[in-house]
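Each protein sequence line maps, in turn, to chains A and B. Quick note: the first sequence uses our numbering, first residue 17, plus one each step. Quick note: the second sequence uses our numbering, first residue 507, plus one each step.
Keep in mind that the hints were calculated from the coordinates and are not lab data. Not one of these hints is a red herring.
Here are the computed distance ranges between Cβ atoms for each label pair: (1) B:R682 - A:V30: 35 to 45 Å; (2) A:E359 - B:I802: 25 to 35 Å; (3) B:S708 - A:R119: 38 to 48 Å.
A quick note: this is a predicted structure, and the numbers were derived from the prediction, not measured. Backbone N, C-alpha and C fix where the C-beta goes; we use that ideal spot for every residue, glycine too.
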Amino acid sequence: MLEFQNVSKEFGPVKALANINFKVAKGEIVGLVGENGAGKSTLMKIIFGAYQADSGIILIDGRKTRFSSPRDAMSKGIGMVFQEQSLIGNLSIMENLFLGREREFQKCGLIDFKKMAEASRYQLAKVGLDIDPYMETARLSFSQRQLIELAKVLALEERSSGDLVILLDEPTSVLSEDEVTLLFELVNNLRERAAFIFVSHRLDEVIRLSDRIYVLKDGELVDEVAREKAVASHIQSKMVGREIDTEYYKQDDRLPFAPSPPLLSVQNASVRGRFEKISLDLHAGEVLCLVGTEGSGREAVLRAVFGMHKIDNGRIVYFGNEFLKIRSPNAAVENDVGYMPRERKIEGIFASMNVAENITSCQLPAYARYGLLNKAMELGLADEWIKRLSVKTPSARTDCNRLSGGNQQKVVLAKWRSTGSKIIMLDHPTRGLDIGAKEDVYSMIREMSSAGIGLLLIPDTFEEAIGLGHNIVVIKDGRTVERFDCLKQKVTPFDLVSAMT
Amino acid sequence: MRDILKSNYHWVTLFVLVILVGLVDSNFWNVKSLLILIGDIVPLFIMALGLTFAIYIGGIDLSAQSMANMITVIASLYLASLGLWIVPMCFLVGAALGGLSGLITTRFLVPSFISTLAIGGVCYSLAQWLSGNRALYMDSEIRDALFGWMLSSTGIVPNTIFVGAAVFAGALLIERRSTLGRRLKAVGSAELAAVASGMRVSRIKVMAFALSGGLAALAGVIFAIKLSGGAPSIANGFLLPAIVAVLVGGTPLTGGVGGVVNTLVGTMIVAVIRSSMLYLEVEATHQQMVFGIVLIIAIVFTIDRSKLSIVK
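Model the full structure from these sequences, guided by the hints.
This is the structure we're talking about:
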């Protein structure tokens, strides 16, 4: 009933989706899997009308169509159950169910809540919920809210001309095992009413629920597997794609680090709601990679080390000094801990400040006397680091927003290098960079490692983890599930995906 | 080319306005009257300089006018006993109350427009209480002895202009050369990046509001000296043009760019608008309307929409 023919989408030079051929038949449940960045969410957004395809054809029941906006997609029978729940907490269940459709319940310009409640009960029955529609959604449990999301989407049934296609985006990420089973039963029972597209990181669940599974890799559909033939290991190898022997990640460039007491030792540390009982040691010259899905808690580990999250349990020992407590980013910087956040434009650089100002931003007192800055000294330092890291910029006085992404990353690295940071944490340092700039970042990471800096890295891809890391820790749902020593064993992307999903 | 024009809107505006007003009002080009015009706007300019720091970090200080009001009362009351010390003392009072707004904003996460509005209310009440709700007059002998020089001229240049220039130089030094100025810029430019660079963002914000409060107080002192007295509502009508001066100058409400030089230009623009209203015989009661309209136009031109996702 919904069919994509040769659909492509580009963001500037980046090909997000290439020639996608994809279809869902009535009563079918189709799974969609892929690594982070494979193009799953772009595809979902095109189906839901939030993005428009650059080329290709979209068909509904064999007729050519296009979705100009989510609203348009909804009126054509496309519904989306959001991963980040979209319910408004201080509105009642029924107000949420019919959000934007209040006009249907108007009487003399006022809303007829009785009629709305009645209609709500009918919709709630579809998902097997017997609950007072006047209740505020903030008071419901997570799984109840999820069902209401689903009911909200099913309420489109009476409105759209054809049958429904429902997108389920990571619907199980916060549900317990029992709740997942219930949700799956419900989805199975709703088959006559709608077709489902199920997107999840959890491969076992996708295999359990889907009739067919599409595998996305680098914006292309690389495989389509029927349930009878679906084997986790096969799908995982397709998700990873590349054969392992391609010399992509140059493992040979990696030098072993000299044994020493750890620079950083995270011991059974927990931050409520983010991660639990994480332990790891980072040594001088070591590159330690944290691998996991989005929302697995990796970022929070970095932030806890940087003093941005308070740890509830366990402890973090810096430089073997048990008395050194770091409770703020300021303390972290003063103790030579550096952090390159993921959102480069918001947290990494100061866009309207120049290169020199960016580089000295975490060590201003060193360039000041009586509170006044010595600009000559500052520019001297900036010039030195621009040369050392070969930052491409007209001058140290150029505003950072005029630099390319790769050079902005170099500026952030220069900032931490120039302060003499001994631990540097990098969150997706190559995100959004082109190949050349990525290579530059890789060689800087190797250079820092050989200079004896301890690096805690959240890589953008598995290849980065394997190619750069001395050790890899796999985190799933906030817990450590697996550790790999890359110097002792040959780790493959396949090993990592198996541990993650 | 477009970029150059865009980042120099304020100069272009000033230039065009001066030409326009000069064409209409032939007396406008009289150097002496121009200098008097500039001298008259010094208290407003100093208040606008203070506001620049609050707006530079993406905040706002709505207490500036009430602060200046209160300080006219305090200055009138304590001039006799404190003498010259009245100036630093008033500055400190202003800085302390401004810093308090900043503390409320950072500690309790109250948006600055509310915390400063509240502190402004406190200032206004204090002014009424201290003055017994009437106009106060300074001892004219003491005033003339200590500050008489400020009211006279050097050649044809009113001495208040030198005062304004000195405060401007101090503000420029803070903005361009001091670590504080750099940190203010960092917070205004990307607050999260400032946090990730280990800056103590709360402390920096408190300093911005303290500067704003201190300079508003300084504006109050100079105003009181000029008028030889004070009253709880004597500086009413300052706030709107002062905010206009900052925004027309090109420091957007989102912060991070602009600065005190922009405010200098913005204040000139306000001065020209004022003088043209005098020439056109716009009634005093209508002037705030004009400034209100100019303010909205200025915001429309200066706001950085990429930084805003939702406006309420």
